[in-house]
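Enquirer: Below, each chain spelled out in residue letters.
4 protein chains.
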Amino acid sequence: MVDEGRRPLAGATLGKDRMEAFSDGVLAIAITLLVLDLAVRPPGSPLHQFLRAWPAYVAYLVAFLSIGAAWLAHNGLTDRMDRVDPLFLRLNLLFLLAVSFLPFPTRLVAEALERSTDWKRLGAVVFGLTMLVIRLLFAAMGRYARRGGLRHPREDDPDYQEAHKKFRGAAIAYVVSIAIGFVVPLVSILAYFAIAIFLVVPFRAVWGELFRKSSA
Amino acid sequence: MVDEGRRPLAGATLGKDRMEAFSDGVLAIAITLLVLDLAVRPPGSPLHQFLRAWPAYVAYLVAFLSIGAAWLAHNGLTDRMDRVDPLFLRLNLLFLLAVSFLPFPTRLVAEALERSTDWKRLGAVVFGLTMLVIRLLFAAMGRYARRGGLRHPREDDPDYQEAHKKFRGAAIAYVVSIAIGFVVPLVSILAYFAIAIFLVVPFRAVWGELFRKSSA
Amino acid sequence: MVDEGRRPLAGATLGKDRMEAFSDGVLAIAITLLVLDLAVRPPGSPLHQFLRAWPAYVAYLVAFLSIGAAWLAHNGLTDRMDRVDPLFLRLNLLFLLAVSFLPFPTRLVAEALERSTDWKRLGAVVFGLTMLVIRLLFAAMGRYARRGGLRHPREDDPDYQEAHKKFRGAAIAYVVSIAIGFVVPLVSILAYFAIAIFLVVPFRAVWGELFRKSSA
Amino acid sequence: MVDEGRRPLAGATLGKDRMEAFSDGVLAIAITLLVLDLAVRPPGSPLHQFLRAWPAYVAYLVAFLSIGAAWLAHNGLTDRMDRVDPLFLRLNLLFLLAVSFLPFPTRLVAEALERSTDWKRLGAVVFGLTMLVIRLLFAAMGRYARRGGLRHPREDDPDYQEAHKKFRGAAIAYVVSIAIGFVVPLVSILAYFAIAIFLVVPFRAVWGELFRKSSA
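Line order of the protein sequences matches chains A, B, C and D. Under my numbering, the first residue of the first sequence is numbered 696, with each subsequent residue one higher. Under my numbering, the first residue of the second sequence is numbered 696, with each subsequent residue one higher. Under my numbering, the first residue of the third sequence is numbered 696, with each subsequent residue one higher. Under my numbering, the first residue of the fourth sequence is numbered 696, with each subsequent residue one higher.
Be aware that one or more of the hints could be misleading.
A pair counts as met if it fits within one copy or between any two copies, since identical chains are not told apart.
As the list claims (entries may be wrong) - Taking lysine to aspartate or glutamate and the EDC-like style, the derived pairs with C-alpha atoms no more than 20 Å apart in a straight line are: (1) Lys711 / Asp774; (2) Lys860 / Asp780; (3) Lys861 / Asp780; (4) Lys860 / Asp774; (5) Lys861 / Asp777; (6) Lys711 / Asp732; (7) Lys711 / Asp777; (8) Lys861 / Asp813; (9) Lys860 / Glu809.
These are calculated hints, taken from the structure and not from any lab test. Please read all numbers here as calculations on a predicted model, not as lab measurements.
Next up, chain A with everything else stripped away, as it sits in the complex (with noise of 0.2 Å):
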């Protein structure tokens, strides 16, 4: 790796720019898709069927939630990288791969919701084990990034420090939550719940703004 310091810095970061615009391709569409399999349910009245479709409406806001943590979890790493290399591009297709392929699960959460538990225990397992392996693709990523000196180091930023911990523990969640799921389906499909939201919320960055307002 020590004459790869020789690499035209501009080439590598044009290398990066286009991986971060077919990631944020993939991921815009996928998070966009999820609307396709919105739907009213008959029979009833307008309002009962729009509201008979609530499986599907939660189903939409955890995958949306979702894949919006690994948005903002992408950008976190990239946006400390200098340049990739080819291994880490191939990492990167793995990781949109899994991320791609969400809405699927997210369809069988959708209509499990409102089938057996047998559908529910399915949904709730394979939509489980997608996020696990978004999250584990992801953690090889930071790794293999850190490892090869892709990463400038500025790792003491608190935001950082946060989204890392924050990621360590949803993979623990979505082990147990996958776990649960065999049994108690529902309870692990709110578990992906709010650990999405538990990803997405900036709890260091709220906590400052709500001191700061209460300072001001």
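Starting from the known structure of chain A, fit chains B, C and D onto it as the hints suggest.
Expert: Relative to the frame of chain A, chains B, C and D by itself:
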């Protein structure tokens, strides 16, 4: 690389670039997915079937202009920002959640236009509420950016002033239209159309353009 | 427009960048969504069903090349622009509205090719009118950019000159094809194919390429 | 703005940027649309229905990796280019046409895997031909870029060399696989899987990584 000591800002700008790229992606997809709901409506001659689909065209146009107005406003907001911070990224994510949800109420409106008043009421209210939420989240983003010093102070720009005033007007107009929607839903759907056109047409610029033309 | 010259160029360029990113997004999605309408057509052997879907392939190809030509033209126009202004952004939005509508007439044409003449007439006329509107909006954007001083003056570029002449020719060709579409719709669909190819093939560059090759 | 006299190059670079952005968009959408074809297959228990959809998963994986490989290759090609020209933009458009067509053969393969040999043959041959066309168009782009001086000469880069050799190998492998597809289509579908993995895995980098690890 010597002046990389200024990096914090560069990094922050990168974050802004990706936020814009991701937002552009989600908005572009939401606006383009709308076409999937267009289809001729049997029975009748080809031309008759094509024209009978007018509710879908109206809904398509209203939604396209509404998302277009949201993009223009987003553009106007971030254009004046130097950087983003974790909280702003999350507010933006919620904003995108509301925008990417819009194709669903659009479908409701399209289908409602040829169904009972109950359906029209549902479509009109859900569409209006979604637009109002988009509007309020956008206001929250603007307020947060201003308070947090993320925006640089060129707010005397008359184009910006016009956009600002318009969006406050739009929020009120949406509240009124939703209220009307409970009683005469068709009127409120027409109102959404009018609001979208009002938001998209840059009256000041058009006026300037006409004036320049006549004085040339 | 004189005091607009004091406008920081960075901000103006950002606005242009996002307009391009958003336009690229909408055009890329519109061009890629076309594939969703491809499907084999029973009955018959697999190969027979595959080949029986030829109308969908023809419509796919015509629409892909037409949107591709629109992207190339958009690229050629904004490449010469230093900045954008509020009115230009709105014209661009209307342009995108027309382009993102195109998958619907494309579906009409694909279905019409194996239905009655009335269906072919509808498909041919609606597709042609959409292309004509795209063409006229594009002309309006070009004219506005030139009049408003948004474009810097290198219009002696022969590639630009060729594109300009081609697009004026295309507008006339679309008008003629639409008129033909009322009488013999199949001919006008073939004409759209020919126009799209005519717009996409860069005759001057191909000529130069062939010449360079033979003189090398 | 003083050194804007060099503008021709800046303009050309802009053209390259937009070509990359548009290509990233089309590739990202094509790769993400694949998920729309995933669905459980009745009858049976939930798990049974989920597993019965394995042909769709295989096709999804093969297509995702194949488009991913195309993106990596495109990235590698344009990364070394200083500018684009009109002909290159058109070649790129044809390349995108072939890539954005791929979801259709992918669906054919997914459906064929549980149907008669005739269907498998059709799926295998159409998928293989599409991949071969993508491959040949990509070779044409590379050759044109080299001949036209659009690419700057750092072809001694071993990563590039590996990519180049791999893609020549892939073209031959696709021709052989298509021929096999006429006789034993299932084998050729497995071959497409193997080729995609072969294209995506960066053997040289993995090797270097393993070597570095063991010598650290």
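Enquirer: The structure should be examined with respect to each hint, and the outcome stated for every one.
Expert: Hints versus structure:
no. : hint            : result
1   : Lys711 / Asp774 : both (10 Å within a copy, 10 Å between copies)
2   : Lys860 / Asp780 : between (26 Å within a copy, 19 Å between copies)
3   : Lys861 / Asp780 : between (26 Å within a copy, 18 Å between copies)
4   : Lys860 / Asp774 : within (18 Å within a copy, 33 Å between copies)
5   : Lys861 / Asp777 : neither (24 Å within a copy, 28 Å between copies)
6   : Lys711 / Asp732 : neither (33 Å within a copy, 30 Å between copies)
7   : Lys711 / Asp777 : both (8 Å within a copy, 17 Å between copies)
8   : Lys861 / Asp813 : neither (31 Å within a copy, 46 Å between copies)
9   : Lys860 / Glu809 : neither (35 Å within a copy, 45 Å between copies)
The structure does not agree with the numbered hints 5, 6, 8, 9 stated previously, though it agrees with the rest.
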